[in-house]
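J.: Sequence:
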Amino acid sequence: MARTLRRLGAVERMKHPPQAGRWFLEIVLEYETTVLQLLDALRTATAPGLRTLHDDLSEHTATPGFTEPGERARRLRDRLGQIHYDLMLRGDKITIAGHDPADRFDFAERILTAFDRFRPDPPPDRPDEPPTDMGLDTLEAAVLDLVVELTPHVFDDLAAFRAAAHDLIDDQILQIDRELRFYLGYLRFLAPLREAGLPFCRPEVTTTDKGLLAREVFDLALAATLTPAGGRVVGNDIDLRDGERILLVSGPNQGGKTTLSRTFGQLHHLAALGCPVPGRQARIFLPDRILTHYPRTENLATLTGELEDELLRLRRILDQATPDSVIVLNEIFSSTTCEDALALSTAVLTRLSRLDTQCLWVSFLDELSRLDPKTVSMVSTVTGDGTRTYKLVRRPADGHAHALAIAEKHRLTYTQLTTRVGR
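Add 5 to a position in the sequence shown, counting from 1, and you land on the number used in the numbering used here.
Hint data in this document are derived by calculation from the structure and do not stem from the laboratory.
Listed next, with one range per pair, are the computed distances between beta-carbon atoms:
1) 49 to 206: 20 to 30 angstroms
2) 299 to 82: 49 to 59 angstroms
3) 356 to 8: 50 to 60 angstroms
4) 212 to 343: 31 to 41 angstroms
5) 119 to 21: 22 to 32 angstroms
6) 191 to 356: 27 to 37 angstroms
7) 420 to 191: 50 to 60 angstroms
8) 21 to 212: 52 to 62 angstroms
9) 8 to 329: 40 to 50 angstroms
10) 297 to 55: 31 to 41 angstroms
11) 200 to 274: 20 to 30 angstroms
Each residue gets a CB set at the ideal place from its N, CA and C atoms; glycine is no exception.
Let the sequences and hints guide you as you build the complete structure.
T.: As structure tokens, then:
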């Protein structure tokens, strides 16, 4: 279908109607063949969605709107093939005359045979595309115009057919083509990641249970970057259960918090598209929309500060959100004091809880995870020496743990300092 669309676009740009009309016949027949080949390929499909597509396509291909253009194109092609003419050259003068069927002497055949050994072999597997120069030079177009004058009725019918079949490709067929290309392209994108051993699954989706179950999930974009270089992709588990709605993610910088927020959004977006999601297992609520807030650079053209810009963006998100929405918030209110950030965040948290919407919120404010029963804490973990593991686990937030690990690593805790000073 992609080639058919390219050729159709090339024909639309042609400035010589007779040639454009002839190419249009080929496009009509190619379109018919492509749709029928898809129908034939779907005959053995077993998936309910593909079976439904087969049935709908079978019904569509039986309608006059689909069959008649192909039938007319074949009749016109046959009529064009029956046009025979004599080309007479005298000096710089060209004359076109009707060919007498009784005249068996054919100079064209003799010339083609004589020069056949000088013709280059066509490139293998090269699609038959309209030439970029529209195929005819000025002289060739002039000769064809003389042929049109010789048999005007055929070319009049050709022009009328092209005008009548201008909207050849059905909108639903175009949509099917776009969606199939997207899904096949997505599967090709996943292939090297699967070969590298990364898990993907078909998620179970629901519109009634707002819980979330996700096992060994990961950021697809990050995996596509790390895998070719042999990097390690860390999977995480995410759970929302028993009325929990808000995941409050905290922990050290560069510990995987923002990566988890992207993963959370990707799970819902890809599941809504019907795509396999990155992870071992997933049961996902199907949202009516996904709303996100990530930090962005200050725009001097708006004449607003960073905090005001954040507040305006959050207001738009909360105005659009419904109980069936999914929201991702990443490090909001970092431009103000901790006291103000806590007050503003508490107000947002209260609004989200009242709305009962599902949310993942990355924040440096540990206190938020303890302000509402619908909130559950996830923390990015570090090893004993402060090395980041990029694993995030469900546990109460403790912002002092990482700071203490760093201090111990550099022997700067209160006990270590007093011991050293007292020596």
